[in-house]
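All chains should be modelled from the sequences, with the hints used to inform the complete structure.
What follows is each chain in one-letter form.
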Amino acid sequence: AQKVTQAQTEISVVEKEDVTLDCVYETRDTTYYLFWYKQPPSGELVFLIRRNSFDEQNEISGRYSWNFQKSTSSFNFTITASQVVDSAVYFCALSDANYGGSQGNLIFGKGTKLSVKP
Amino acid sequence: DAGVIQSPRHEVTEMGQEVTLRCKPISGHDYLFWYRQTMMRGLELLIYFNNNVPIDDSGMPEDRFSAKMPNASFSTLKIQPSEPRDSAVYFCASNAAGQTFTSGNTIYFGEGSWLTVV
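Protein chains in written order, with our numbering: chain A, 7 to 124; chain B, 5 to 122.
Rather than coming from a laboratory, the hints here were simulated on the basis of the structure.
Fair warning: there could be bad hints in the mix.
Stated by the list, open to error - Quick partial rundown of chain A residues pointing at chain B, CB under 10 Å, derived from the structure:
hint, residue
1, K22
2, T26
3, Y43
4, Q45
5, S48
6, V52
7, I66
8, F97
9, A99
10, L112
11, G115
12, G117
What the hints assert, rightly or not - What the simulated footprint calls covered on chain B by chain A, stretch by stretch (three residues with Cβ under 8 Å from a Cβ of chain A suffice, anywhere in the stretch; the number is not a length):
hint, segment
13, 75 to 84
14, 111 to 122
Backbone N, C-alpha and C define an ideal beta-carbon position, used for all residues, glycine too.
Right under this line is the structure:
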């Protein structure tokens, strides 16, 4: 069975601190996708990144970076120099590639609530 | 480009009433998904369609829930009769199947319909 674990329920940091959100996943599939979504207080789900299981390259996008390690089944997300606007709930998600090419059957983690204080 | 459009954004209804949530996917997307978010269960997939055909409804909680997709640009999720435990945020999402495993496509979520059943 597929499963995503985000062990950190809540994290609180002070602005400009770096913070890493952990994500551990379980799947028996060899082909799969991993995602991160942001849910700000307004409630919408904002797509941040998608990774396929063959691509273990780390990715950096501005202050955001992601570390994908198949050996530990982890897909961690780091925010550098955090800002108040980063305050949100962050979800890690997993999908397989067996739905006719769609990746929309997402298995979500419970989310990590990040609070960045000024 | 318009994203996934959901209506209503907020609904408060009395127990026993029928509730209909609506979704317009992104034009050209052939997959449509309905997700539900609750504090207890987090984000979970209810049902998804491919080319207007329901493919997997195993996440639909019970017979009180039904979903339809009469055409490529419209879907409904209906709850009849509604109960207080149905109070949740209901998200619609859509994406297009990727041509290859590595291409993939982003899954776009609507802003959600916040349902309160009193």
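Hint-by-hint comparison with the structure:
1. K22: Because about 30 Å separates K22/A from the closest Cβ in chain B, which is outside the 10 Å limit, the hint is violated.
2. T26: 21 Å, violated
3. Y43: 8 Å, holds
4. Q45: 9 Å, holds
5. S48: 8 Å, holds
6. V52: Hint holds; V52/A Cβ to chain B Cβ min 8 Å, cut 10 Å.
7. I66: The hint is violated - I66/A has no Cβ within 10 Å of chain B, the shortest such distance being about 19 Å.
8. F97: 7 Å, holds
9. A99: Result: holds, 8 Å to nearest chain B Cβ.
10. L112: Constraint on L112/A satisfied, holds at 7 Å.
11. G115: Status holds, d = 8 Å.
12. G117: 7 Å, holds
13. 75 to 84: With 0 residues close enough to chain A, the hint is violated.
14. 111 to 122: With 7 residues in contact (Cβ-Cβ under 8 Å with chain A), the coverage given for the segment 111 to 122 of chain B holds.
Hints 1, 2, 7, 13 from the list above are not met by this structure, while the remaining hints are.
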